[in-house]
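**Q** Using my numbering, read the sequence shown as starting at 1 and increasing by one per residue.
It cannot be assumed that every hint is accurate.
Claimed, not checked - Lysine-lysine pairs mimicking BS3-like chemistry, simulated, CA-CA at most 30 Å apart: (1) 40 - 79; (2) 57 - 28; (3) 28 - 79; (4) 79 - 59; (5) 59 - 28.
None of these hints come from the bench; they were simulated from the model.
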Amino acid sequence: MNRIGDWEGDTVIGKGRGGALLTMLERKTLFTVIVGLTGKRSDLLAEAAVSHMVRFKDKIKTITFDNVLEFAGHETIAKDLGAAIYFAHPYSSWEWGINENTNGLI
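Throw the hints in and build the complete structure from the sequences for me.
**A** Take a look at the structure:
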C-alpha cells in the first residue's frame with residue numbers, strides 16, 4: 001500500500017432493507033466517499049459510483065469490491081473511471097478489511 005489510488009468499495013444495507021449506502025475508501029489515505037443509493041440494483045449502483053467518483057478519476061487506479069450482485073455493473077464503473085476492478089474472494093472480508101471496518105462505524 002505504497003501508492004494512492006487503490007480503492008475498496010462495498011454497500012451498507014439499512015435496517016429492514018429500506019435503504020442502502022455505497023462506501024468507497026482509498027486504502028492509503030483512508031479518504032472515504034459515502035453515497036446514498038435509491039436502490040440496490042446494479043445499474044443504480046454503477047450510476048451512483050461513477051457520478052460521485054468521476055471527480056477523483058485521476059486518483060483511481062484499482063477498485064476492489066465485495067463479490068455480490070450489486071456490483072454486476074462493474075464494467076461500466078471500470079470503463080467510465082478508467083480503473084481496474086477486482087473482486088474479493090467469497091467469505092474473505094479481510095481482503096477489503098479497511099472498508100468493512102469503516103462500514104461497521106457507520
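**Q** Hint by hint, say whether it matches the structure.
**A** Structure-based check of all given hints:
Simply put, residue 40 and residue 79 have alpha-carbon atoms about 21 Å apart, close enough for the 30 Å limit, and the pair holds. For the suggested pair residue 57 and residue 28, the alpha carbons sit about 16 Å apart, so the restraint of at most 30 Å is met. A C-alpha spacing of about 23 Å is found between residue 28 and residue 79, which places the hinted pair at or below 30 Å, so the restraint holds. Only pairs whose Cα atoms come within 30 Å are accepted, and residue 79 paired with residue 59 is accepted, the gap being roughly 15 Å.
Using a Cα cut-off of 30 Å, the hinted pair residue 59 and residue 28 holds, with the two alpha carbons roughly 11 Å apart.
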